[in-house]
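Colleague: Given next are the chains, with one letter for each unit.
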Amino acid sequence: MDTSTRPARIVLKTKNMSRRSPLSAREEKAAYLFLMPWFIGLTFFLAVPLVWSLYISMTDKRLISAGGEHFIGLQNYTYMFTQDGYFYHSLYVTLKWLVLTTPLYLLAGLFISLLLNQKLPGIHLFRTILYIPAVLSGVAVAVLWLQLFNPELGAINYLLYRIGIDNPPYWLQDPRWAMPAVIIMGLWGVGGTAIIYLAGLQNIPPHLYEAASIDGAGSIAKFFYITLPMLSPTIFFLLVNAIIDSLLIFGPVFVLGGDGGPEDSLLFYMLYLYRRAFIQGLMGYATALAWVLTILGVILVFLMFRFERRFVFYEAAE
Amino acid sequence: MVGRILHSAFVYIMLIALSLFILMPIGWMLTAALKPSTAPVFTYPPEWFPTKYWEWETFRDALFEENFFIYTRNTVILVLLNVVGALFSCSMIAYAFARLQFRGKNLLFTILVATMLLPGPVLLIPQFLLFYRIGWYNTYFPLFVPAFTGNAFFIFLLRQYMKTLPIELDEAARIDGASYWGIYWRIILPLSVPALTVVAVFQFLATWNDFFGPLIYLDDPDKFTLALGLATMVRRVGTEWNEVMAANLVAVIPVLIVYFLAQNKLIGGIASVGLKG
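Residue numbers (the working numbering), protein chains in the order written: chain X, 1 to 318; chain Y, 1001 to 1277.
FYI, nobody ran anything at the bench for these hints, they're computed from the structure. As the structure is a computational prediction, the values presented were derived from the model and not from experiment. It cannot be assumed that every hint is accurate.
What the hints assert, rightly or not - Here are the computed lysine to any residue pairs in the SDA-like style, where the Cα-Cα straight-line distance is at most 25 Å:
1. Y/K1163 with X/A199
2. X/K119 with Y/I1022
3. X/K96 with X/A199
4. X/K222 with Y/K1163
5. X/K96 with X/F236
So that you can see chain X by itself, here it is in the shape it has in the complex (with noise of 0.2 Å):
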């Protein structure tokens, strides 16, 4: 990408090194000077919250707390995994609709970013339409969608009575439907994973597959052969980036769900750790929570980098 600079920076590195000593402690204080804002943030806001927050976690701190906290060791956890249902519940939730969404967004978005690399009049005017939903916030777009899955009233179960269908489901008041009624409204957001598999479609070399239509390739074979291994690495960004929203999830959830939906189905995890923070105000328990969820995603993420080396194709020669 800066290769035409590339050369000029060496000279510079050598010049520095060599001739110009007095100038160049005046450059490192002008650039620790550009780097204050960085350092004050990563002092007061990352590291100190970060090892405060694991001494939180071993604490029975509450938001509102007469005596201070005090220090209980891992009790937090133990409490956690031996006595705490509702933490295994949300743990199932969140992991269920991880499993469900991940494949079913990739493929659909993977589906439309097809669709939109034609090269047809209007396409541009698709692109623009089909990425609205992705700029707009999760509480809109769950506020609207609520008033879609009404039961009685809304458009949905009207268009299934439509084709057919004589007792619609009750949707966000069904415990067995209320996490199919969340897929299906993240499913009108899927443009978005559609724009970044559009944007490593477009990278791909046109003349791989030239090459193929020379030695008799026909579409099907294109697809699997080039483009899929050509967009393996973005698969891969895509796949760890769902993993870690669906661990995250909360906006929508809170507007739909409210403090779980029916019979807790809709108890995502982050829901959990912000009942038991700031309902109930159990500062350190949902500090252990949290540390719980990023071990979990670690690990996660950590997977998924041992699948790449054996999945994703890098091209050799960058």
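Starting from the known structure of chain X, fit chain Y onto it as the hints suggest.
Modeller: Structure of chain Y alone, referenced to chain X:
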């Protein structure tokens, strides 16, 4: 030839179906918002675009009776503070990483990249307790001060961009006696406007749409943002649904305008982040 026509027809049919899937709910929302309180919001069949009613009063009620005017003002203030903060801090930090030589640069840059992967939830509660203790609860400080200390993602994006500018510019300016600040302010910043626009749009969207931050830090309804005001309105019993939809449109329309104006830069920016991430 017939095959190609069939293929194009298939693509168009799919794209039109998908576009309807996106646009019909938005049309329904607009229709509901334009109804007077006396007309039912839910009708059989659903109305996907406004025909009968063009009652702009509902918007007035949402803005002034339901306080969405104040929520909009609050959101705009927060967006401006965050955008200014992000542009200022991230460009300074990126300038140092892209153009200056200093000891520990590689290590610091590695730390910067590592912080991009850092888990939000773990920092959530200690940050909250910290801000609570220094009396920032129920103020805007926790919601904009962090923006002034840089965002790793934006710094990375700006640094990549600044590295592509020819280094001779800095050298020539230095020979003319410009200070490092002068080079940053008068040469690098003006040339980085395309990348800065991407950062501004991303930050606008992030702040405008943020829900969790305002939810945990704001208590006083007069300080609420649009997202928080909406969530509160929906969860209240006995709200008028046409007003909710009008309020939702108040929250959504500015985002759509920015999106339509900046869509090429935004989509380009997302693509570049996506590939380098």
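Colleague: Taking the hints in turn, state whether each one holds.
Modeller: Status of each hint after checking the structure:
Distance check on the hinted pair: Y/K1163 and X/A199 sit about 22 Å apart at the alpha-carbon level, within 25 Å; holds. A distance of roughly 22 Å separates the Cα atoms of X/K119 and Y/I1022; the hinted pair therefore holds under the 25 Å criterion. At most 25 Å may separate the alpha-carbon atoms for a hinted pair to count; X/K96 and X/A199 exceed this at roughly 30 Å. Only pairs whose Cα atoms come within 25 Å are accepted, and X/K222 paired with Y/K1163 is rejected, the gap being roughly 36 Å.
Annotation: proposed proximity of X/K96 to X/F236 holds, straight-line Cα distance about 20 Å (limit 25 Å).
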